[in-house]
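J.: Chain B: place on chain A using the hints.
If you're matching them up, the sequences are chains A and B in order.
All letters in the first sequence, in the order written, are residues 1 to 294 by this note's numbering.
All letters in the second sequence, in the order written, are residues 1 to 280 by this note's numbering.
To be clear, the hints were calculated from the coordinates, so they are not data collected in a lab.
Heads up, a few of these hints could be off.
As the list claims (entries may be wrong) - Taking lysine to any residue and the SDA-like style, the derived pairs with C-alpha atoms no more than 25 angstroms apart in a straight line are:
| no. | chain 1 | residue 1 | chain 2 | residue 2 |
| --- | --- | --- | --- | --- |
| 1 | A | K140 | A | M128 |
| 2 | A | K6 | B | W188 |
| 3 | B | K196 | B | R185 |
| 4 | B | K225 | B | V257 |
| 5 | B | K267 | A | K140 |
| 6 | A | K140 | B | P54 |
| 7 | B | K267 | A | L179 |
| 8 | B | K225 | B | T64 |
| 9 | A | K6 | B | R109 |
| 10 | B | K225 | A | A218 |
| 11 | B | K271 | B | I219 |
| 12 | B | K271 | A | T213 |
| 13 | A | K49 | A | R259 |
| 14 | B | K267 | A | G100 |
| 15 | B | K271 | A | A218 |
| 16 | B | K196 | B | D171 |
| 17 | B | K271 | A | F98 |
| 18 | A | K140 | A | D151 |
| 19 | B | K267 | B | P197 |
| 20 | A | K49 | B | V257 |
| 21 | B | K271 | A | L17 |
| 22 | B | K271 | A | K140 |
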Amino acid sequence: MGKLGKRETLWAWIFLLPNLIGFLVFVGIPIVAALALSLCRWDLMTPPKFIGFGNFLRLLQESLFRRVVWNTFIFTVGTVVPSLVAGLGLAMLLNRRFRGTHVYRACFYLPQILPMVAAGLIFQFLYMSDFGFINFVLSKLRLPQPNWLNDVSTAMLAIIIMSIWKSTGFNMVVYLAGLNGIPDTLYEAAQIDGAGAWQAFRFITLPLLSPTTFFALAISLIGSFQVFDQIYVMTRGGPADATRTLVYYIYETGFQYFRMGKAAAAAWILFLIVFVATILQFRYQGAWVHYEQV
Amino acid sequence: MSRYRNYRKGAGAFILHILLMLLAAIFVFPVFWAFVSSLKTLGEIFIYPPKIFPEDPHWENYKTVLTGSIPFPRFMLNSLIVALGRTAGVVITSALAAYAFARLRFRGREGLFLIYVGTLVIPFQVTMIPVFVIVRNLHWVDTYLALIVPGMFSAFGTFLLRQFFLTLPRDLEEAAIIDGCSFFRIFWQIILPLSKPALASLSIFTFVGTWNEFLWPLIIINETKMKTVTLGLSIFQGLYFTEWHLVMAATIIAISVPLLLYVFLQKYFVKGIALTGLKA
Numbered sequence: 001m002g003k004l005g006k007r008e009t010l011w012a013w014i015f016l017l018p019n020l021i022g023f024l025v026f027v028g029i030p031i032v033a034a035l036a037l038s039l040c041r042w043d044l045m046t047p048p049k050f051i052g053f054g055n056f057l058r059l060l061q062e063s064l065f066r067r068v069v070w071n072t073f074i075f076t077v078g079t080v081v082p083s084l085v086a087g088l089g090l091a092m093l094l095n096r097r098f099r100g101t102h103v104y105r106a107c108f109y110l111p112q113i114l115p116m117v118a119a120g121l122i123f124q125f126l127y128m129s130d131f132g133f134i135n136f137v138l139s140k141l142r143l144p145q146p147n148w149l150n151d152v153s154t155a156m157l158a159i160i161i162m163s164i165w166k167s168t169g170f171n172m173v174v175y176l177a178g179l180n181g182i183p184d185t186l187y188e189a190a191q192i193d194g195a196g197a198w199q200a201f202r203f204i205t206l207p208l209l210s211p212t213t214f215f216a217l218a219i220s221l222i223g224s225f226q227v228f229d230q231i232y233v234m235t236r237g238g239p240a241d242a243t244r245t246l247v248y249y250i251y252e253t254g255f256q257y258f259r260m261g262k263a264a265a266a267a268w269i270l271f272l273i274v275f276v277a278t279i280l281q282f283r284y285q286g287a288w289v290h291y292e293q294v
Numbered sequence: 001m002s003r004y005r006n007y008r009k010g011a012g013a014f015i016l017h018i019l020l021m022l023l024a025a026i027f028v029f030p031v032f033w034a035f036v037s038s039l040k041t042l043g044e045i046f047i048y049p050p051k052i053f054p055e056d057p058h059w060e061n062y063k064t065v066l067t068g069s070i071p072f073p074r075f076m077l078n079s080l081i082v083a084l085g086r087t088a089g090v091v092i093t094s095a096l097a098a099y100a101f102a103r104l105r106f107r108g109r110e111g112l113f114l115i116y117v118g119t120l121v122i123p124f125q126v127t128m129i130p131v132f133v134i135v136r137n138l139h140w141v142d143t144y145l146a147l148i149v150p151g152m153f154s155a156f157g158t159f160l161l162r163q164f165f166l167t168l169p170r171d172l173e174e175a176a177i178i179d180g181c182s183f184f185r186i187f188w189q190i191i192l193p194l195s196k197p198a199l200a201s202l203s204i205f206t207f208v209g210t211w212n213e214f215l216w217p218l219i220i221i222n223e224t225k226m227k228t229v230t231l232g233l234s235i236f237q238g239l240y241f242t243e244w245h246l247v248m249a250a251t252i253i254a255i256s257v258p259l260l261l262y263v264f265l266q267k268y269f270v271k272g273i274a275l276t277g278l279k280a
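Isolated chain A (complex conformation) (with noise of 0.2 angstroms):
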């Protein structure tokens, strides 16, 4: 290595060291602890104590955490492939110039920009049974008007609906951005072969934004498995456990309970989860996505 290239393994150290630091402190050191905690049983006053593998065997057994990863689950599955389908159809329909546009994309972006607690609130006081305004349009349709919130059968259902709405503008962002990649001749070469438009969609459209949907739906489900805020402001995890959800069931196990050791265990488990979703869609991607040679 000359000279030169020892100054710039210096300097690159140094750019780096304010980052690495506080990387290493804040994120690297806690992986490694969040490792050991979650084999020990820990209070936060007295000496955490080795127990091996306890906290993973003792919730595996436990059927309330089984009730919550499966929770989990229905929140993740219901909550993202209808944002991701809104969210195309969304981008198809404003995939083009005309006035307004940009009002439009505005308007169904804004619900992203909202912190989630304020939203969930404004969902909670239109989920309201008898002066909530949905249940009000719900009347005037002669439709059966539900508890939302309050109703076992309902409660998810009614996050479920909140957390598409707060989620679809930014699906529709990122395909807006993957159908601006696709090039116009491939519509026209399809136009002279007497392709329609569900044609040219079908066999255009989604295997090109392919790559998208797999850029999106690996954001959505990391964040879908992570729900929290609007189950803390919208039901605390009720009603009779219906909305409790994976973080919602640490937050509780660490900080309400001081498990720190099982809490720990059950972050893990969630790690896992996400883990084991993001390989499989890499393992998988060959089957559907479609990457251009370009």
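T.: Chain B alone, transformed into the frame defined by chain A:
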């Protein structure tokens, strides 16, 4: 443009606009409803069938919230300090590290970068408990430091800026190196000025993200006077849960800052997303 030529004129365009207007109305309605409700009296909230607009707008609801027993102005100030501090920290440390990853050659660069990006798949909830313990041992509970510092070292920000730096042309830098410029001057006088859009996007993204954050302040802050807006909003709801006109006024106050940023700096919100992964 040619692909949609059929839609743009006549009945097709008209139907499209109607459809979009309807959808946009649905998306905006909850915020609109919160706003009009924040100007009603409690009696008007509980009228059936509901009226959209209040008889007279009751702006004093906002005064009630801002001067009530819960120090809302203080929460706003706390959130502002925390969001600004965190944003400055993230942008500075990320830009420095991103420059090293994008431009400087050193042993272990690819490996270290991979570790950085790898930590992005680890959910915050995994590290939350150890970070809580570290912050407690530093005696930072109920301080601004606790709210600002742990979130300041962002793998996401480093990743985003590195990707952007890689797209910048190298000619200027090479000339500067030949002229004997230091790496810091190149970073400061060439790279940063060329990266303003990316830096702006990361700043806004971080600012709004911090403003909206809830779980971390919830576990690390106990004292009322140190609470952020989102926390304040949740305790406000706990105390005034039947007085929806006031809860909605508090909600509008809490969302006002991200909303104003969004109205004035809209393009950066969207650009940030485009920068993150789509090009990677």
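J.: A separate judgement is required for each hint: does it hold in the structure or not?
T.: Each hint, compared with the structure:
Pair hint K140 of chain A plus M128 of chain A holds up; C-alpha atoms about 16 angstroms apart against a cutoff of 25 angstroms. Distance check on the hinted pair: K6 of chain A and W188 of chain B sit about 21 angstroms apart at the alpha-carbon level, within 25 angstroms; holds. The straight-line distance between the Cα atoms of K196 of chain B and R185 of chain B is roughly 16 angstroms, inside the 25 angstroms bound, and the hint therefore holds. Only pairs whose Cα atoms come within 25 angstroms are accepted, and K225 of chain B paired with V257 of chain B is accepted, the gap being roughly 20 angstroms.
A threshold of 25 angstroms between alpha carbons decides the hint, and for K267 of chain B with K140 of chain A the separation of about 39 angstroms lies outside it, so the pair is violated. Distance hint between K140 of chain A and P54 of chain B is fulfilled; the C-alpha atoms sit about 21 angstroms from each other, no more than 25 angstroms. A C-alpha spacing of about 18 angstroms is found between K267 of chain B and L179 of chain A, which places the hinted pair at or below 25 angstroms, so the restraint holds. Taking the CA atoms of K225 of chain B and T64 of chain B, the gap is about 18 angstroms. The hint holds against a cut of 25 angstroms.
The suggested pairing of K6 of chain A with R109 of chain B holds, with an alpha-carbon distance near 14 angstroms, which does not exceed 25 angstroms. For the given pair, K225 of chain B sits about 38 angstroms from A218 of chain A by alpha-carbon distance, which is inconsistent with the 25 angstroms threshold. Of the supplied pair hints, the one linking K271 of chain B and I219 of chain B is violated, its CA atoms being roughly 32 angstroms apart against a limit of 25 angstroms. With a CA separation close to 18 angstroms, the supplied pair K271 of chain B and T213 of chain A stays within the 25 angstroms bound.
The suggested pairing of K49 of chain A with R259 of chain A holds, with an alpha-carbon distance near 12 angstroms, which does not exceed 25 angstroms. For the given pair, K267 of chain B sits about 15 angstroms from G100 of chain A by alpha-carbon distance, which is consistent with the 25 angstroms threshold. Straight-line distance between C-alpha atoms of K271 of chain B and A218 of chain A comes to about 19 angstroms, which keeps the hinted pair within the 25 angstroms bound. In summary, the hint linking K196 of chain B to D171 of chain B is supported, as the alpha carbons are separated by about 19 angstroms, within the 25 angstroms threshold.
Simply put, K271 of chain B and F98 of chain A have alpha-carbon atoms about 21 angstroms apart, close enough for the 25 angstroms limit, and the pair holds. Taking the CA atoms of K140 of chain A and D151 of chain A, the gap is about 21 angstroms. The hint holds against a cut of 25 angstroms. Taken as a hint, the K267 of chain B and P197 of chain B pair is honoured in the structure, with Cα atoms around 10 angstroms apart against an allowance of 25 angstroms. For the hint linking K49 of chain A to V257 of chain B, the alpha-carbon distance of about 46 angstroms lies beyond 25 angstroms, and the restraint is violated.
Between K271 of chain B and L17 of chain A the alpha-carbon distance is near 28 angstroms, which puts this suggested pair outside the 25 angstroms criterion. Between K271 of chain B and K140 of chain A the alpha-carbon distance is near 41 angstroms, which puts this suggested pair outside the 25 angstroms criterion.
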